[in-house]
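For what it's worth, the numbering used here labels the leading residue of the sequence shown as 1, then goes sequentially.
Keep in mind that the hints were calculated from the coordinates and are not lab data.
Do not rely on the hints blindly, as some may be mistaken.
No farther apart than 25 angstroms at their CA atoms in a straight line, the calculated lysine-lysine pairs in the PhoX-like style are these [to be verified]:
{"no.": "1", "residue 1": "Lys31", "residue 2": "Lys135"}
{"no.": "2", "residue 1": "Lys161", "residue 2": "Lys180"}
{"no.": "3", "residue 1": "Lys96", "residue 2": "Lys57"}
{"no.": "4", "residue 1": "Lys32", "residue 2": "Lys87"}
{"no.": "5", "residue 1": "Lys96", "residue 2": "Lys82"}
{"no.": "6", "residue 1": "Lys184", "residue 2": "Lys135"}
{"no.": "7", "residue 1": "Lys96", "residue 2": "Lys184"}
{"no.": "8", "residue 1": "Lys180", "residue 2": "Lys145"}
{"no.": "9", "residue 1": "Lys87", "residue 2": "Lys184"}
{"no.": "10", "residue 1": "Lys57", "residue 2": "Lys82"}
{"no.": "11", "residue 1": "Lys180", "residue 2": "Lys96"}
{"no.": "12", "residue 1": "Lys161", "residue 2": "Lys87"}
{"no.": "13", "residue 1": "Lys161", "residue 2": "Lys57"}
{"no.": "14", "residue 1": "Lys82", "residue 2": "Lys31"}
{"no.": "15", "residue 1": "Lys135", "residue 2": "Lys178"}
{"no.": "16", "residue 1": "Lys96", "residue 2": "Lys31"}
{"no.": "17", "residue 1": "Lys87", "residue 2": "Lys23"}
{"no.": "18", "residue 1": "Lys135", "residue 2": "Lys23"}
{"no.": "19", "residue 1": "Lys57", "residue 2": "Lys23"}
{"no.": "20", "residue 1": "Lys57", "residue 2": "Lys180"}
{"no.": "21", "residue 1": "Lys135", "residue 2": "Lys161"}
{"no.": "22", "residue 1": "Lys82", "residue 2": "Lys145"}
{"no.": "23", "residue 1": "Lys135", "residue 2": "Lys180"}
{"no.": "24", "residue 1": "Lys135", "residue 2": "Lys87"}
{"no.": "25", "residue 1": "Lys161", "residue 2": "Lys178"}
{"no.": "26", "residue 1": "Lys23", "residue 2": "Lys145"}
{"no.": "27", "residue 1": "Lys32", "residue 2": "Lys145"}
{"no.": "28", "residue 1": "Lys32", "residue 2": "Lys161"}
{"no.": "29", "residue 1": "Lys145", "residue 2": "Lys96"}
{"no.": "30", "residue 1": "Lys135", "residue 2": "Lys145"}
{"no.": "31", "residue 1": "Lys87", "residue 2": "Lys57"}
{"no.": "32", "residue 1": "Lys145", "residue 2": "Lys161"}
{"no.": "33", "residue 1": "Lys23", "residue 2": "Lys161"}
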Amino acid sequence: MLAPFIGNKKASGYFYFPTEEEKSRAADIIKKLGLNERFVIVHPGSKGSAWNLSPEKYAEIASVTAAETGADVLITGAASEKEIMAKAAAGSAADKRIKVLDESLAVRDFAALIGMSSLVVSCSTGPMHIAAAQKVKTFSFFPPKEIRHISAVRWGALGNKSVIMELNPDGETPDMDKIKAAIKSLLEL
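Produce the complete structure using the sequences and hints provided.
Rendered as structure tokens:
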């Protein structure tokens, strides 16, 4: 709406949905990793752009999700987040339902992979918004609403079924029973 007033003739606000070719590449990755149709993406990184849980807490979330829901879990991240992904996968090596995406994907291929998932668990980061744009359910961690400039009030997922859990400013870890209940609810279990 404001674009013409600031010198832009045409504003571009379109989300380009994955093509059939990109979906096919994502399906190949799913097959290669041995994921079942209902899988959950756990994305523990944010490249430092958002309040977040520790990788160890994401490891606990991945383990509980696999154990309590029977869903496969795919831990994802950017190439620069390999260490975070490894920590999030630590302790779950014995669980064959938890996999790590250890290859770098183009953003559009990653979007196609997200679009095939049942749920994305992350903080306030790009994959959450990509999931929401494709109507994939999200469970996201945000700072308290009192910190408006980075809160879910401003940056929450739009267009999908989502659950927001506000993180405590004093660093208190979120209650795992509440996390488990939210994930089960989103997966309709």
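Hint check results:
no.: 1; hint: Lys31 / Lys135; in the structure: holds, 22 angstroms
no.: 2; hint: Lys161 / Lys180; in the structure: holds, 16 angstroms
no.: 3; hint: Lys96 / Lys57; in the structure: holds, 19 angstroms
no.: 4; hint: Lys32 / Lys87; in the structure: holds, 22 angstroms
no.: 5; hint: Lys96 / Lys82; in the structure: holds, 19 angstroms
no.: 6; hint: Lys184 / Lys135; in the structure: holds, 18 angstroms
no.: 7; hint: Lys96 / Lys184; in the structure: holds, 20 angstroms
no.: 8; hint: Lys180 / Lys145; in the structure: holds, 22 angstroms
no.: 9; hint: Lys87 / Lys184; in the structure: holds, 24 angstroms
no.: 10; hint: Lys57 / Lys82; in the structure: holds, 16 angstroms
no.: 11; hint: Lys180 / Lys96; in the structure: holds, 20 angstroms
no.: 12; hint: Lys161 / Lys87; in the structure: violated, 28 angstroms
no.: 13; hint: Lys161 / Lys57; in the structure: holds, 23 angstroms
no.: 14; hint: Lys82 / Lys31; in the structure: holds, 22 angstroms
no.: 15; hint: Lys135 / Lys178; in the structure: holds, 23 angstroms
no.: 16; hint: Lys96 / Lys31; in the structure: holds, 14 angstroms
no.: 17; hint: Lys87 / Lys23; in the structure: violated, 29 angstroms
no.: 18; hint: Lys135 / Lys23; in the structure: holds, 15 angstroms
no.: 19; hint: Lys57 / Lys23; in the structure: violated, 30 angstroms
no.: 20; hint: Lys57 / Lys180; in the structure: holds, 12 angstroms
no.: 21; hint: Lys135 / Lys161; in the structure: holds, 7 angstroms
no.: 22; hint: Lys82 / Lys145; in the structure: violated, 30 angstroms
no.: 23; hint: Lys135 / Lys180; in the structure: holds, 21 angstroms
no.: 24; hint: Lys135 / Lys87; in the structure: violated, 29 angstroms
no.: 25; hint: Lys161 / Lys178; in the structure: holds, 17 angstroms
no.: 26; hint: Lys23 / Lys145; in the structure: violated, 36 angstroms
no.: 27; hint: Lys32 / Lys145; in the structure: violated, 41 angstroms
no.: 28; hint: Lys32 / Lys161; in the structure: violated, 29 angstroms
no.: 29; hint: Lys145 / Lys96; in the structure: violated, 37 angstroms
no.: 30; hint: Lys135 / Lys145; in the structure: holds, 24 angstroms
no.: 31; hint: Lys87 / Lys57; in the structure: holds, 9 angstroms
no.: 32; hint: Lys145 / Lys161; in the structure: holds, 19 angstroms
no.: 33; hint: Lys23 / Lys161; in the structure: holds, 22 angstroms
Of the numbered hints given earlier, the model fails hints 12, 17, 19, 22, 24, 26, 27, 28 and 29; all others are met.
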